[in-house]
Amino acid sequence: MNRSATAESAESIDTPAHPPDHKHFLYPPGGILLWMLISLELFTFGAAIIVMMFSAHKEPSLFHDSAAKLDAVKGSVNTVVLLTSGYFMALCVHNFRNRKAAASHRFLGLTLAAGLVFIAIKSFEYSHKIAEGYTIGTNTFFDFYWFLTGFHLVHVVAGMVILLGWYVTHGRSEHASALDSLEASAAFWHMCDLIWLFLFPVLYLVF
Amino acid sequence: MARSIHLTWVLLMALAGLTSASGFFERGNPRFAPVVVVLSVMKFLLVAFFFMEMRKANAAWGAALIAFAAILSGAILLLR
Chain B
1 MNRSATAESA
11 ESIDTPAHPP
21 DHKHFLYPPG
31 GILLWMLISL
41 ELFTFGAAII
51 VMMFSAHKEP
61 SLFHDSAAKL
71 DAVKGSVNTV
81 VLLTSGYFMA
91 LCVHNFRNRK
101 AAASHRFLGL
111 TLAAGLVFIA
121 IKSFEYSHKI
131 AEGYTIGTNT
141 FFDFYWFLTG
151 FHLVHVVAGM
161 VILLGWYVTH
171 GRSEHASALD
181 SLEASAAFWH
191 MCDLIWLFLF
201 PVLYLVF
Chain P
1001 MARSIHLTWV
1011 LLMALAGLTS
1021 ASGFFERGNP
1031 RFAPVVVVLS
1041 VMKFLLVAFF
1051 FMEMRKANAA
1061 WGAALIAFAA
1071 ILSGAILLLR
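Protein sequences appear in the order of chains B and P.
When you line the first sequence up against this note's numbering, it's residues 1 to 207, in that order.
When you line the second sequence up against this note's numbering, it's residues 1001 to 1080, in that order.
Here chain B stands alone, though its shape is the one from the complex:
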């Protein structure tokens, strides 16, 4: 095999002959497996929120008084931080798709930085709540608060690990085959936004 044939062969590996048609039900952006996971996660958090609302229906004053103990300012700032991280992530994918690897890498770094800010604010909030004595077992509201926000935080940390892996290994790559994995990582990260967008009002504002 001569040199030009080898180069052509390498290019054919990196550039898919037929990019996935996202209009097909089995090829949503991020991939079908990731969307099955996202569907299950949304269903799990949705079911937990509905169970919490049933409990609140039985003890409205307890939920009203307990929710007032939460710091809605920190919750609001974290909403802005998480949505902004999603914005950076969307720009990262957009730049990678347009073969602007350096810009994509920069936006991925900003996404990670925003994720760290979210975790820092959440940790600060948790330490305050523990110091004030509002832990698991305090009452039904705080059981749900720790379970829901803790489970969400685990997802944010998992998303950070996935993105950090991408930042270190593929972040500077411009190969088309890497786009699928970046879209899947981005979909997981945005899922954290989706979950938080329901958790924040339900825990901090509605009662």
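In case anyone wonders, no lab produced these hints; they're calculated from the structure.
Everything numeric in this text was worked out from a predicted model, so none of it was measured.
Note that beta-carbon positions come from the ideal geometry of N, C-alpha and C, so glycine has one too.
One or more of the hints may lead you astray.
[Claimed, not checked] Computed cross-link-like contacts, BS3-like style, restricted to lysine-lysine with a CA-CA straight-line distance of at most 25 Å:
1) B:Lys129 <-> B:Lys74
2) P:Lys1056 <-> B:Lys23
3) P:Lys1056 <-> B:Lys74
[What the hints assert, rightly or not] Distance windows between CB atoms, simulated:
4) B:Ala103 <-> P:Asn1029: 40 to 50 Å
5) B:Ile136 <-> P:Lys1056: 36 to 46 Å
6) B:Asn98 <-> P:Ile1066: 23 to 33 Å
7) B:Leu26 <-> P:Leu1079: 32 to 42 Å
8) P:Arg1003 <-> B:Ile136: 42 to 52 Å
9) P:Gly1017 <-> B:Tyr126: 24 to 34 Å
With chain B fixed as given, assemble chain P onto it according to the hints.
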């Protein structure tokens, strides 16, 4: 494409500001709970359709996301 991402972020910031303002000033007011929940649904759909690019996906995925947001927000408002 990038323009729609920028515009989505601006809208999300505006909606986040409105949600927080409604929550801070009228927390516990039964009349404002639907406002807070509807604003959250709008943010949910903006993230799903523009950041996650589900507007490019099969319509069934979009319909499933809208149904999820409608059922969950309906349950929140009915049970609160």
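Given a hint of 24 to 34 Å, does the C-beta separation of glycine 1017 (chain P) and tyrosine 126 (chain B) actually sit inside it? Holds - the Cβ-Cβ distance for glycine 1017 (chain P) and tyrosine 126 (chain B), about 25 Å, lies within 24 to 34 Å.
With respect to the beta-carbon atoms only, verify the hint that arginine 1003 (chain P) and isoleucine 136 (chain B) lie 42 to 52 Å apart. 46 Å, holds
Has the hinted range 32 to 42 Å been met by the Cβ atoms of leucine 26 (chain B) and leucine 1079 (chain P)? This hint holds: roughly 35 Å between Cβ atoms.
Going straight from one Cα to the other, do lysine 129 (chain B) and lysine 74 (chain B) come out at no more than 25 Å? The given pair, whose Cα atoms are some 12 Å apart, holds under the 25 Å limit.
Starting from the hint 36 to 46 Å, judge whether the C-beta atoms of isoleucine 136 (chain B) and lysine 1056 (chain P) obey it. Between isoleucine 136 (chain B) and lysine 1056 (chain P), where Cβ atoms are some 42 Å apart, the hint holds.
Run the distance test for lysine 1056 (chain P) versus lysine 23 (chain B): straight-line Cα separation, threshold 25 Å. 6 Å, holds
Okay, alanine 103 (chain B) versus asparagine 1029 (chain P) on CB: inside 40 to 50 Å? 45 Å, holds
Quick check on a hinted range of 23 to 33 Å for asparagine 98 (chain B) and isoleucine 1066 (chain P), using CB atoms only. 29 Å, holds
Is lysine 1056 (chain P) within 25 Å of lysine 74 (chain B), Cα to Cα? 34 Å, violated
Figure legend: structure checked against the earlier numbered hints; the only hint not met is number 3.
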